[in-house]
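**Student:** Taken in order, these protein sequences are the chains called A and B. Note that the first sequence covers residues 1 to 329 in our numbering. Note that the second sequence covers residues 1001 to 1097 in our numbering.
Where hints are given, some of them may not hold.
[To be verified] Derived SDA-like pairs: lysine to any residue, alpha-carbon spacing no greater than 20 Å straight-line:
id, chain 1, residue 1, chain 2, residue 2
1, A, K9, B, K1025
2, B, K1025, A, C112
3, A, K4, A, I329
4, A, K107, B, G1039
5, B, K1071, B, T1059
Because the hints were derived from the structure by calculation, they are not lab data.
As a plain string of letters, each chain reads:
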Amino acid sequence: MVNKLRTLKSPLSVNYEVSPVCDLSCEFCFNADPSCKKNNHSPFSKVKLILDALHEAEVFEVRFFGGEFFIYPYWEDCLVYANQLDFFLSFVSNGTHIDNRVAKILKNNKICGGAISLHGLPDIHDKITGQKGSFELTFNGIRACLDNDINISILYTLTKSNIDYIYPTMKLLRERGLIIDELNVGRLTPYGKAKEDWESRKLSLADYLKVFSKLAIIRKDLGILASMGDAFPLCSLPEEYHELVIGCWQGTGFGHIDYLGNVRSCSIAKGSYGNILEENLVDIWTNKLKEFRSLSWLPEKCRQCGNFCGGGCSASRYEGGMYAPDEFI
Amino acid sequence: MHQTNSFKVINMELTHIPKFSCRVKTRKDIEGYIGFFQGIGVLNLNEKSEFIVKKINGTNTIADIICAYEKKFSESSECSKEVLEIISQFKEAQFII
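With the sequences and hints as input, model every part of the structure.
**Tutor:** Structure (C-alpha cells):
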C-alpha cells in the first residue's frame, strides 16, 4: 500500500490573502516581499472577482488573511460581499485594528471565530513585531472579539526568543481575564524574513520536543486546547504527543489564494499552481497538484507508512521551494 | 457518513424537528459528496445521507424528511429505517441538537 493524497475538485477552505500589506514587521514573517510595506492594495473589483471564482468552485470557507486584513481599505465590503456569496467566513489577523466596532461588524457578518497572532509576553511580542505597544493592541483586539462572542484561537509562532514563554503568556492572558479556548503554535519556517540567517534562527527537534511537553501542560493546567498547529512528522515524536499535532490538509482540502489570485497549497511556501483570474480553480486544483498529491517527493518510509501523517510540514526545509520533505525526516 | 445495518437507532418522535448545531453546506465532489460542518469538521457523504443533510433545515420534521426520502429513493424498501439510522448517527456524534 502506497500512501497518496485524495483529489478533491477544489479546496474546502482557503486562506485568502486579500492584501499583502501589513503594518507590523514580525521578524520571521514568511512574506519578505517589499509589496507588504507599500500601500499597493488590490482594487476591490479584483477581490470580488476572486471571491466569485472561489464561489464558482464551491469552496466552503474563506479565511481572510494578509498581510493584515483589517488595514485593507475595503475589508468591510469584503465581508459583506463574501457573506452574500454564502461562504463560511473567518479571519487571521494581528488583532491590532480590532476594537468593539470592528468585532460587531464581524459578528453581523456571521463570523463566529478567527485566529489572532500573539507571540509571547508583552516585551517579547513587541520585539518580535517591531512595534512597541503591539501586545496591548492585540490583547485589546482579542478581548473585543471575545466580548462579542467570536471565538479566538491564538497563533504563536515559535522562535528562539519566545519558545520558553508559551505557558507564561497563556497564563498572563488568563490572569488578565481573557478566557481563551485554543492555542496553536506554529513552526518557524525558512521563508521570507526567517530565511535570513536561518542557521542561527532555526529550531532543533529537541526545541520542539520541549514545546510539546509545554503544550501538554497547558492543556492540563489551563484547560486550553493547545496544539501544534502545523504538521509535524509523528515518527519523530513520542506517541504521547501525537494527539497534540493538528496536521495539515494542504493540497487536498486546504488552499491559499494570494492577492493576485495565484493558487498555492500552503500559505507559507511561495510559488503558484495557476491564477484563478485566468484559469478555473477546479482545473488548477485537479490537474496542477497531481505530483504533489502523488507524494513521490516524500521518502519511501513515509509513502509506505501505516500511520501516515502527511510526512510533516512541507514548508519546513531550507530551500524547499513549493514543497519538500520535513526537515526532521 | 455511511449507513451501517448494525447502527443503533435512537428513539425519536416523528414530529421532532432535527437541527444541526452548526451551519452546514454540502457539495458534490469527484467521489461522492462532502459535508462541511462549520467549526466541527468535514464528512464524506453518499447520495442518500447528503439528501438528508439538506432536509435537516430546522423546519422539517422527521416525518417530513422520511416522506421526501421515500419520494426520492422509491426503490428502497426501508426508507424510514434508513433515515432514522442516518439521523441517529448525526445525533450520536452531537452534530444534531
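**Student:** Could you check the structure against the hints above and give me the numbers of any it violates, in ascending order?
**Tutor:** Result: no hint breaks.
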